[in-house]
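Enquirer: So the protein sequences, as listed, match chains L and Z.
FYI, the working numbering numbers position 218 of the first sequence as 218, with every residue one higher than the one before it.
Plus 282 on top of the position in the second sequence (first one is 1) and you've got the working numbering.
In case anyone wonders, no lab produced these hints; they're calculated from the structure.
Please read all numbers here as calculations on a predicted model, not as lab measurements.
Note that CB positions come from ideal geometry on N, CA and C, so glycine has one too.
Heads up, some of the hints might be wrong.
[Unchecked claim] Here are the in silico distance ranges between beta carbons for each label pair:
hint	chain 1	residue 1	chain 2	residue 2	range
1	Z	Val572	L	Ile181	48 to 54 Å
2	L	Pro196	Z	Thr552	36 to 42 Å
3	Z	Leu490	L	Arg8	17 to 23 Å
4	L	Ser174	Z	Phe385	51 to 57 Å
5	Z	Gln351	L	Ser119	41 to 47 Å
Chain by chain, the residues:
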Amino acid sequence: MRGSLGGRILRWAVIVIAVALSIGPVLYGVVLSVRPFSSIVNAPLDLFPSFAEMDFSSFATAFRDENDGGFGLGRFIRNSLFLATGAVVISLLASILGAYAAARLRYTGRGVANAIIMSVYLLPGIVLAVPLFVGLSRVGLTGNLIGLLIIYVALTVPVAIYMIRNYFLSMPESVEEAARIDGCSLPVLLWRVVLPIAAPGVAATAIYIFMIAWNEYLYALLFLVQKRDLWTAPLGIAQLTEISVPVTVLLAGSVVVTVPVVVLFFIFQRFLISGLTVGAEK
Amino acid sequence: MTRAQRESANGILLTAPSLAVILVIVIVPFLAVIIFAFADLRLIDIPHMTLGNIDWTFDNMRRARESDQFWGALSTTVAYATLTTIGSIGAGVIVALAMRRPFRGRGLIRALLLVPYVLPVIAAATIWRTMLNTQYGVINAIGVEYLGWDGPIGFLNTTSRDVLGVPVPLTLLTVVAFEIWKSAPLAFLFITARLQSVPGDIEEAAALDGATGRQKFTQILLPQLRSVILLLSLLRFIWSFQNFNDIYLLTGGAGGTQVMAIKVYTELITRANIGSAASYGLLMSLILAVLLVIYFVVSKRREEL
Numbered sequence: 001m002r003g004s005l006g007g008r009i010l011r012w013a014v015i016v017i018a019v020a021l022s023i024g025p026v027l028y029g030v031v032l033s034v035r036p037f038s039s040i041v042n043a044p045l046d047l048f049p050s051f052a053e054m055d056f057s058s059f060a061t062a063f064r065d066e067n068d069g070g071f072g073l074g075r076f077i078r079n080s081l082f083l084a085t086g087a088v089v090i091s092l093l094a095s096i097l098g099a100y101a102a103a104r105l106r107y108t109g110r111g112v113a114n115a116i117i118m119s120v121y122l123l124p125g126i127v128l129a130v131p132l133f134v135g136l137s138r139v140g141l142t143g144n145l146i147g148l149l150i151i152y153v154a155l156t157v158p159v160a161i162y163m164i165r166n167y168f169l170s171m172p173e174s175v176e177e178a179a180r181i182d183g184c185s186l187p188v189l190l191w192r193v194v195l196p197i198a199a200p201g202v203a204a205t206a207i208y209i210f211m212i213a214w215n216e217y218l219y220a221l222l223f224l225v226q227k228r229d230l231w232t233a234p235l236g237i238a239q240l241t242e243i244s245v246p247v248t249v250l251l252a253g254s255v256v257v258t259v260p261v262v263v264l265f266f267i268f269q270r271f272l273i274s275g276l277t278v279g280a281e282k
Numbered sequence: 283m284t285r286a287q288r289e290s291a292n293g294i295l296l297t298a299p300s301l302a303v304i305l306v307i308v309i310v311p312f313l314a315v316i317i318f319a320f321a322d323l324r325l326i327d328i329p330h331m332t333l334g335n336i337d338w339t340f341d342n343m344r345r346a347r348e349s350d351q352f353w354g355a356l357s358t359t360v361a362y363a364t365l366t367t368i369g370s371i372g373a374g375v376i377v378a379l380a381m382r383r384p385f386r387g388r389g390l391i392r393a394l395l396l397v398p399y400v401l402p403v404i405a406a407a408t409i410w411r412t413m414l415n416t417q418y419g420v421i422n423a424i425g426v427e428y429l430g431w432d433g434p435i436g437f438l439n440t441t442s443r444d445v446l447g448v449p450v451p452l453t454l455l456t457v458v459a460f461e462i463w464k465s466a467p468l469a470f471l472f473i474t475a476r477l478q479s480v481p482g483d484i485e486e487a488a489a490l491d492g493a494t495g496r497q498k499f500t501q502i503l504l505p506q507l508r509s510v511i512l513l514l515s516l517l518r519f520i521w522s523f524q525n526f527n528d529i530y531l532l533t534g535g536a537g538g539t540q541v542m543a544i545k546v547y548t549e550l551i552t553r554a555n556i557g558s559a560a561s562y563g564l565l566m567s568l569i570l571a572v573l574l575v576i577y578f579v580v581s582k583r584r585e586e587l
């Protein structure tokens, strides 16, 4: 099937414009992060810096500790890494079990449990912020990474259960049946039989959880803003925007927080996309 | 124990950790929002607050209902969510249709189109703030240099600006554009996935019968896409309606972008009024709940037809 010439031109115009709009701003940010601040102010339209002008010092300045004349991005990244990997491990442990129950087991209260888990997915985060702020203040968990970690686990468990459950449902049940007939207990079955087959789906879910925790801003702002030592990468960069930090440093920080997410996403693109769009296919 | 009993016990056991953390972090807090919304409660009252000594009151709800700020925030939020939903799904449909036929490099282009969606919101906001900056931003530089603007435009703090005699809520439109930019890729993905499962032979048959491109779109593709568009509209509206991060990071609520989520935040943090923040939050949740009910009624009725 070939379209008319006009149709083909229109189609390619849409594609070219869409690509330009999608990656244009991102390239702009990357290019500016390697230019000296003074030259950005003097020549804002100079989008393609010469090699001689390239200047990576913003990255070093951003990373160095405050005592060292930098802005502490290295520490922000460490905090974010701790939260994101912690959320991945804990949330995966809970949701693999929950997803297996949702996909394969008939148990009393199953409908209620599923409804509760999914309703969380649609509840506004800002609404929960009010009581969580009150509650964590009461038990002294504000200004503490552990308090935030527990919140990240709760925020990611519903999505994780949903994604892993869909993956389990797409797997043939016959292997598990055979293992069960051979007298395999449930923990052994999960660890030895189910997980190896489900590994791609679990990996995709892990990346999705990592991305949510790595990007999270609202709760970090609410609970950590007073504790500069504990700032996460998004919170740190946002707070630096408030004081007059050169924009090149902010952009260098943005590039650094973006790279791991984009790399992970594109390595596992296929799994992630099928996990996200299962709902659209029915 | 019978096998069914054992299975039931295992099911409860396996679900327990997930339910426990959701109960503590989501369900109990949400019940607390309902209590706080009817309590006269300030941040300084927290250390000695108990269920017994709460001052019950309808003042928070009454004040919200009577205040211009509440209705202002609500209409800003509805405008923001509506425009974002239309824009992101419209863009998603157009690009998905343009990318429908296979061509060399389609996988790469599809990956590039997803970049705004994958980008951390802090990075996206920092880049947009830089682009729109009045001193060194590229948009204002282009406008002044080539488009004959009188001077740089404050895209992030202009509540209203006359364009050809019509007042335009410039900053609100800027945050809408930002959100469309970030969320259109997801709509694109969903619609692409749905398009792939549209059987090709119907269209071929229609083409043989002499259907035009427009007829094929409105008569064949659109009915197939309707349910995914309805679902996407619901999800995007709900997500945009409660959006805090994207707007707060771009404008901090300046320039007429005080949406409900930002209002809840300022009531809680700046004004330290927990009761008022909770009542705004509760009203937000109620509006979303009504939307969900409408969606389920509509999709149920469609299934019955």
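Enquirer: Do the beta carbons of Gln351 of chain Z and Ser119 of chain L sit within 41 to 47 Å of each other?
Expert: 29 Å, violated
Enquirer: State, for the Cβ atoms of Leu490 of chain Z and Arg8 of chain L, whether the hinted interval 17 to 23 Å holds or is violated.
Expert: Given about 21 Å between the Cβ atoms, the range holds.
Enquirer: Do Pro196 of chain L and Thr552 of chain Z keep their Cβ atoms within the hinted range of 36 to 42 Å?
Expert: 52 Å, violated
Enquirer: Does the Cβ distance between Val572 of chain Z and Ile181 of chain L fall inside 48 to 54 Å?
Expert: 50 Å, holds
Enquirer: Taking the Cβ atom of Ser174 of chain L and the Cβ atom of Phe385 of chain Z, is their distance within the range 51 to 57 Å?
Expert: 40 Å, violated
Comparing the model with each earlier hint shows violations of hints 2, 4, 5; every other hint is respected.
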